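Protein chains in written order, with my numbering: chain A, 1 to 207; chain B, 1001 to 1207; chain C, 2001 to 2207.
Don't take every hint at face value.
As the list claims (entries may be wrong) - Straight-line C-alpha distance at most 27 Å; calculated DSS-like pairs for lysine-lysine:
1) A:K24 - A:K82
2) B:K1024 - C:K2028
3) A:K28 - B:K1024
4) A:K24 - C:K2085
5) A:K24 - C:K2082
6) A:K85 - B:K1085
7) B:K1085 - C:K2085
What the hints assert, rightly or not - Pairwise CB distance ranges, derived in the manner of DEER restraints:
8) A:F166 - C:L2020: 28 to 36 Å
9) C:I2128 - B:L1017: 46 to 54 Å
10) B:V1154 - A:Y18: 39 to 47 Å
These aren't lab readings, by the way, just hints derived from the structure by calculation.
Since we're looking at a predicted model, the values are computed, not measured.
We treat Cβ as the ideally placed atom computed from N, Cα and C, and that holds for glycine.
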Amino acid sequence: MDFILIIGALLFSLSSLYFLFTYKGSQKLNVPFLVSFITLISYLVMWQGNFVTLNSNGQELYWTRWIGYMFSCTLLMYTIAKSIKSSQSMLTNKVYLTVLVMFTGVLASISESNFMLMFFAVSTFAYILLIWPIITNKLAYKYINYFIVLGWSVFPVVFILSPEGFNVITQPVSAAIYLALDLFTKIIFYVANSKVDLENKDAELSQ
Amino acid sequence: MDFILIIGALLFSLSSLYFLFTYKGSQKLNVPFLVSFITLISYLVMWQGNFVTLNSNGQELYWTRWIGYMFSCTLLMYTIAKSIKSSQSMLTNKVYLTVLVMFTGVLASISESNFMLMFFAVSTFAYILLIWPIITNKLAYKYINYFIVLGWSVFPVVFILSPEGFNVITQPVSAAIYLALDLFTKIIFYVANSKVDLENKDAELSQ
Amino acid sequence: MDFILIIGALLFSLSSLYFLFTYKGSQKLNVPFLVSFITLISYLVMWQGNFVTLNSNGQELYWTRWIGYMFSCTLLMYTIAKSIKSSQSMLTNKVYLTVLVMFTGVLASISESNFMLMFFAVSTFAYILLIWPIITNKLAYKYINYFIVLGWSVFPVVFILSPEGFNVITQPVSAAIYLALDLFTKIIFYVANSKVDLENKDAELSQ
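Chain A on its own, in the form it takes in the complex (with noise of 0.2 Å):
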């Protein structure tokens, strides 16, 4: 388990690394290298494994991922509502659901049965009225659609096959999946997205 965790916390040093020197344009949001300074951070507090806890199986919850989530989605909402041209009511909106979101994902991750399964339906119905906007919005490119509906819906999937859900998948192997739609939501998203916005200034520019 630990090993996934480490080779997480470094790949995402190195894209922290990588989204910071790369940079172009002082006065915007770094929001690649945040989202991936968070995802970081995330790594080594799970790593450190001192707010692990332990369900009545006795098996290992990992809730602060969830916190971490908390945080860098609410940047990657940001991104997403100025590339949509969200109003500010707007993007409020999607900030306090995407926090209402991750963090009743924390309270399923450390409830068990009955009471895990409420928190869980309740954080998968602000999710679908956090995407709900975002999939009908015929403005916005549908590449970030793609990565969307294929990336972030899997991990609901994740949890409730996860020891933190029905207990389906163990831990590592959840971990794994997690730290792949990690990389795939936190870092190609990112990289896909600049070359697209130079695409895009290169069809303004021949205009």
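Put chains B and C on the given structure of chain A with help from the hints.
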């Protein structure tokens, strides 16, 4: 005790759905829904009881209630600040003060004797700073003042009488009063508010 | 130890009242008052001791101090960002970095040996990113740079010498130094700042 908390969770599930589906204005922040949804989560957490702690008399302390109010009351403040046309700075001020009122409320909940009184005093001081400009604002609608002074100000009175304070009333009695106050300030307030908004629009149209 | 914390609570009670009643400009954010008020609450929490934990040597760890700084330093950053006319994005960036510096400060406080050093390194890295644009900004007033470099940068030095770090100085000695730094950066800074503001206004008027 659980009975009151389950009733609370059910009522705020219904009000969440009501405010979600009766909402008009897709580019605005749906404050009534978010407030009800946060209150639902708060009641589920109290019902579950994972975070309930015991004081030196062995009485249960529901300090998470004030965390829920921290999130919902910052949104209530947002609505009020908008309705009395506060500046961005005043809104930030109100949000910080609300967080401090509720955070010192948590601290008072888990403290006893002199420290309880000290944190209660600090919380009350911040609360007075928070509502002072609202009470004295001539521009504010009278009914908003009425709601705030009669609604919000009962919460600290219940606190000081409850087992968290001087232990005059029992935990179920205080929970029932808190539930009535929650219904008043988080459901009836918004329903009344939306009707007044309509009346104002009618008044504007007839001019 | 308690003696130092009580002195801190008393001094920040007085400075809260001072900044509250000498404040002019009712539509602006009263940052000096809020910073003093937050610091007062932080000292009360440390005095109460409910959240004080013990390390493996049985020494008391006052990790809540860094939660207080998380709230007060985001406001100090707000003041500085305004004074050097940062954009909204840069302000958001600074607020996130301040939260990360202080949050990893909490993690370093409750960690030992290698994990303490790891979180301390991450915190210092975020701190350097935070102050770098302020130090190198030619537009900033010289005295602000002076305050930040000489004031803020002593905090991590005290940390690394204290029982939370390498245990070179005792907890009461480090608490006394932290108190002196708090007075310097949270009271003297604002009193000096307000005098410079007046001088600038005089200069503007005489032009």
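Verification of the supplied hints:
no. : hint                          : verdict
1   : A:K24 - A:K82                 : holds, 17 Å
2   : B:K1024 - C:K2028             : violated, 33 Å
3   : A:K28 - B:K1024               : violated, 34 Å
4   : A:K24 - C:K2085               : holds, 20 Å
5   : A:K24 - C:K2082               : holds, 23 Å
6   : A:K85 - B:K1085               : holds, 25 Å
7   : B:K1085 - C:K2085             : holds, 25 Å
8   : A:F166 - C:L2020: 28 to 36 Å  : violated, 54 Å
9   : C:I2128 - B:L1017: 46 to 54 Å : holds, 49 Å
10  : B:V1154 - A:Y18: 39 to 47 Å   : violated, 55 Å
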